[in-house]
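Chain by chain, the residues:
2 protein chains.
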Amino acid sequence: MSEPGKERVRLAAVGLGRWGRVMAAAYHNSDVVELRACFTRNPERRARFAEDFSCDAAASLDELLARDDIDGLVVTVPNDQHAPVIEAAAAAGKHVYVEKPVAVEPADIRRIAAAVRDSGITFACGHSARRLAGVREMRRRLDAGEVGSPSLVEAVFSNERGLDLKEGDWRGDPAQCPGGPLTQLGIHQIDNLNYLFGVPRSVMGMGRRGPVAVTNTMVVGALLEFEDVVAYLGADWLTPGAFTIDLYGSKARLRYELDFSWWSNSADTDDHTSLTEVSIASDSADPDARVLAEKRVSLVPRDHLREEVEEFGAAIGGEAEVEVTLDVAMANVAVVLAAARAVEQRRQVEVAEVLAEIS
Amino acid sequence: MSEPGKERVRLAAVGLGRWGRVMAAAYHNSDVVELRACFTRNPERRARFAEDFSCDAAASLDELLARDDIDGLVVTVPNDQHAPVIEAAAAAGKHVYVEKPVAVEPADIRRIAAAVRDSGITFACGHSARRLAGVREMRRRLDAGEVGSPSLVEAVFSNERGLDLKEGDWRGDPAQCPGGPLTQLGIHQIDNLNYLFGVPRSVMGMGRRGPVAVTNTMVVGALLEFEDVVAYLGADWLTPGAFTIDLYGSKARLRYELDFSWWSNSADTDDHTSLTEVSIASDSADPDARVLAEKRVSLVPRDHLREEVEEFGAAIGGEAEVEVTLDVAMANVAVVLAAARAVEQRRQVEVAEVLAEIS
Numbered sequence: 001m002s003e004p005g006k007e008r009v010r011l012a013a014v015g016l017g018r019w020g021r022v023m024a025a026a027y028h029n030s031d032v033v034e035l036r037a038c039f040t041r042n043p044e045r046r047a048r049f050a051e052d053f054s055c056d057a058a059a060s061l062d063e064l065l066a067r068d069d070i071d072g073l074v075v076t077v078p079n080d081q082h083a084p085v086i087e088a089a090a091a092a093g094k095h096v097y098v099e100k101p102v103a104v105e106p107a108d109i110r111r112i113a114a115a116v117r118d119s120g121i122t123f124a125c126g127h128s129a130r131r132l133a134g135v136r137e138m139r140r141r142l143d144a145g146e147v148g149s150p151s152l153v154e155a156v157f158s159n160e161r162g163l164d165l166k167e168g169d170w171r172g173d174p175a176q177c178p179g180g181p182l183t184q185l186g187i188h189q190i191d192n193l194n195y196l197f198g199v200p201r202s203v204m205g206m207g208r209r210g211p212v213a214v215t216n217t218m219v220v221g222a223l224l225e226f227e228d229v230v231a232y233l234g235a236d237w238l239t240p241g242a243f244t245i246d247l248y249g250s251k252a253r254l255r256y257e258l259d260f261s262w263w264s265n266s267a268d269t270d271d272h273t274s275l276t277e278v279s280i281a282s283d284s285a286d287p288d289a290r291v292l293a294e295k296r297v298s299l300v301p302r303d304h305l306r307e308e309v310e311e312f313g314a315a316i317g318g319e320a321e322v323e324v325t326l327d328v329a330m331a332n333v334a335v336v337l338a339a340a341r342a343v344e345q346r347r348q349v350e351v352a353e354v355l356a357e358i359s
Numbered sequence: 001m002s003e004p005g006k007e008r009v010r011l012a013a014v015g016l017g018r019w020g021r022v023m024a025a026a027y028h029n030s031d032v033v034e035l036r037a038c039f040t041r042n043p044e045r046r047a048r049f050a051e052d053f054s055c056d057a058a059a060s061l062d063e064l065l066a067r068d069d070i071d072g073l074v075v076t077v078p079n080d081q082h083a084p085v086i087e088a089a090a091a092a093g094k095h096v097y098v099e100k101p102v103a104v105e106p107a108d109i110r111r112i113a114a115a116v117r118d119s120g121i122t123f124a125c126g127h128s129a130r131r132l133a134g135v136r137e138m139r140r141r142l143d144a145g146e147v148g149s150p151s152l153v154e155a156v157f158s159n160e161r162g163l164d165l166k167e168g169d170w171r172g173d174p175a176q177c178p179g180g181p182l183t184q185l186g187i188h189q190i191d192n193l194n195y196l197f198g199v200p201r202s203v204m205g206m207g208r209r210g211p212v213a214v215t216n217t218m219v220v221g222a223l224l225e226f227e228d229v230v231a232y233l234g235a236d237w238l239t240p241g242a243f244t245i246d247l248y249g250s251k252a253r254l255r256y257e258l259d260f261s262w263w264s265n266s267a268d269t270d271d272h273t274s275l276t277e278v279s280i281a282s283d284s285a286d287p288d289a290r291v292l293a294e295k296r297v298s299l300v301p302r303d304h305l306r307e308e309v310e311e312f313g314a315a316i317g318g319e320a321e322v323e324v325t326l327d328v329a330m331a332n333v334a335v336v337l338a339a340a341r342a343v344e345q346r347r348q349v350e351v352a353e354v355l356a357e358i359s
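Chains as they are written, first to last, in the working numbering: chain A, 1 to 359; chain B, 1 to 359.
Read the hints as simulated data drawn from the structure, not as lab findings.
Certain hints may be false.
Okay, derived cross-link-like pairs now, DSBU-like style, lysine-lysine, Cα gap no bigger than 35 Å in a straight line [claimed, not checked]:
1. 166(B) / 295(A)
2. 166(B) / 251(A)
3. 251(A) / 295(A)
4. 295(B) / 251(B)
5. 295(A) / 251(B)
6. 295(B) / 166(A)
Computed spacing ranges between beta-carbons, pair by pair [as the list claims (entries may be wrong)]:
7. 298(B) / 350(A): 47 to 55 Å
8. 117(A) / 289(B): 35 to 43 Å
9. 297(B) / 81(A): 42 to 50 Å
10. 211(B) / 350(A): 22 to 30 Å
Small disclaimer: the values here were computed from a predicted structure and weren't measured.
We put the CB at the ideal spot given by N, CA and C, even for glycine.
With these hints in hand, go ahead and build the complete structure from the sequences.
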């Protein structure tokens with residue numbers, strides 16, 4: 001993708017908060033894409049971004065969209081502004097990469113889907129966790145039969161940020177942040193499960209609130225029903241960070257661990273992960289005589305954020321396919337909404353029921 | 001408990017299969033209890049046991065129960081024979097230690113409960129996992145407030161033994177082994193959860209069968225609702241062994257791991273375990289700047305099986321209280337049965353509903 005002299009795909013950053021800067025740091029010096037312009041409403045903030053990443057600052061979204069030297073946008077505005085920004089981009093023929101979740105309000109999701117489909121733009125949703133080296137290796141081993149038949153998978157994402165929530169924070173509002181940590185944390189693991197096993201059929205869940213100022217759910221345990229495996233998803237906002245995936249197969253089990261405090265340094269994230277395999281090293285007809293062996297799997301580090309934006313750029317140029325499409329992004333949100341509903345209504349919720357509501 | 005010259009409590013082993021021998025190896029040289037006699041139907045097997053552990057072999061259960069130099073029994077007969085053996089022991093005024101599960105058939109549980117309560121014998125059920133050094137230390141830290149407020153706990157027990165099951169094996173029969181690995185594996189973790197958090201209010205679950213010759217459930221994921229925490233229980237019979245407990249608190253999270261292949265060597269089991277604590281080592285108002293630290297907790301090894309039988313002996317002598325009483329044992333079975341029913345009927349099951357049926 002990085003042939004010398006080749007034209008780079010020209011991108012603009014829209015939404016220049018913390019995450020917009022993290023993303024720009026990951027792709028601004030890419031050989032595949034070029035960060036040409038930026039926009040956010042706050043003039044000082046866009047001037048600083050433009051200077052830091054050597055790009056133009058547009059005075060308005062309309063001005064940015066009117067430029068014919070911009071191919072696509074990297075959108076990191078707040079979730080509830082995704083729909084209007086994507087509609088405007090699609091109307092102007094600009095391709096869109098948008099941060100997860102694609103949206104959580106059913107009306108917003110329908111607007112985005114209509115805009116993307118009617119315009120035919122290239123669309124990608126930011127779910128980079130599946131590009132972590134260890135997650136890729138889990139999938140490779142699964143596909144190659146190296147873990148045998150999978151039976152159970154457990155994916156957990158926790159951090160302590162719920163403990164800091166103040167009254168009025170959007171994360172404390174069940175409408176803006178369904179299921180609390182499900183929308184902010186769990187969705188990363190829901191996409192990993194999608195990558196490994198597809199879309200689950202149904203979801204059950206239990207949740208609880210925390211000793212904090214907001215009423216949203218702070219802890220969720222959910223069970224996801226896949227074709228062949230039972231999955232557990234843990235999303236907890238009241239405890240020091242954990243990001244783990246345990247996959248249990250008939251030949252081996254795999255444990256993936258990530259120190260999420262390295263998440264934003266995407267070139268270094270993989271250096272703070274581990275993948276461990278446990279298998280039966282010495283088999284025997286007598287089960288008591290079997291001996292387990294644990295091995296650390298060596299991983300070749302990647303750059304999950306840069307790779308995602310470069311794939312988006314290459315897809316715009318017709319040289320790649322987007323992996324996390326609108327359909328995948330919508331399925332991920334459907335699982336979040338199904339789990340939040342399962343917790344609230346204390347019943348098993350079919351993912352198809354939610355998908356029908358947001359499609 | 002081991003004052004020199006003190007009379008030891010006199011025990012007899014009933015049921016001399018693999019587990020009866022493991023137990024005897026753990027307590028036969030105790031200062032608190034004395035293994036004085038044994039019985040099983042097979043004459044060669046009881047002769048060999050009597051020789052190996054330097055005790056008498058009784059020709060029948062009645063002969064054993066008629067002896068006035070036996071205070072209590074260590075019962076490790078198959079689960080479905082617990083009720084008649086315990087009834088006979090209670091009628092003869094012999095105290096009973098019985099291997100988990102106390103029983104799984106509601107009628108058997110009621111018979112055992114009536115026999116124990118009517119006779120007033122000392123009764124203990126074998127659930128030794130809670131005596132593992134790391135599990136004790138988890139509880140100590142919880143009680144001392146060292147993990148802060150707990151929000152989530154995950155307990156997993158898996159092994160590959162379901163892959164070996166042949167048609168006709170009792171473990172493959174849902175009536176004798178409800179929920180498959182729930183009865184054989186999950187119950188250990190259910191007792192650990194009982195030790196840490198008490199009896200859950202309700203249970204949800206998902207299960208699946210395996211690519212094996214029996215129709216019983218081979219994998220279960222369950223959610224348990226406690227007063228303050230959400231719990232996940234994984235029980236999987238189709239994968240290399242795992243025995244883990246993850247406890248998530250507001251100040252720290254703890255991970256316990258046990259290599260279960262050392263389970264039967266109870267004096268050495270704790271040497272093959274680890275307890276790890278993750279906490280925020282460097283706090284900051286900026287969540288991105290917080291740094292996690294992982295520490296291995298040092299544990300003082302114990303002997304989970306010996307301790308359990310010695311406690312039983314001391315309780316007979318009036319010098320200790322039994323920790324895993326009939327009520328605890330029945331609550332553990334109620335959770336197994338509730339989880340198996342939740343999986344089968346795809347609904348949330350109240351533990352009180354099952355407890356009412358078996359009481």
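Original post:
Among the hints numbered above, which are violated by the structure, and what are their numbers in rising order?
Top reply: none
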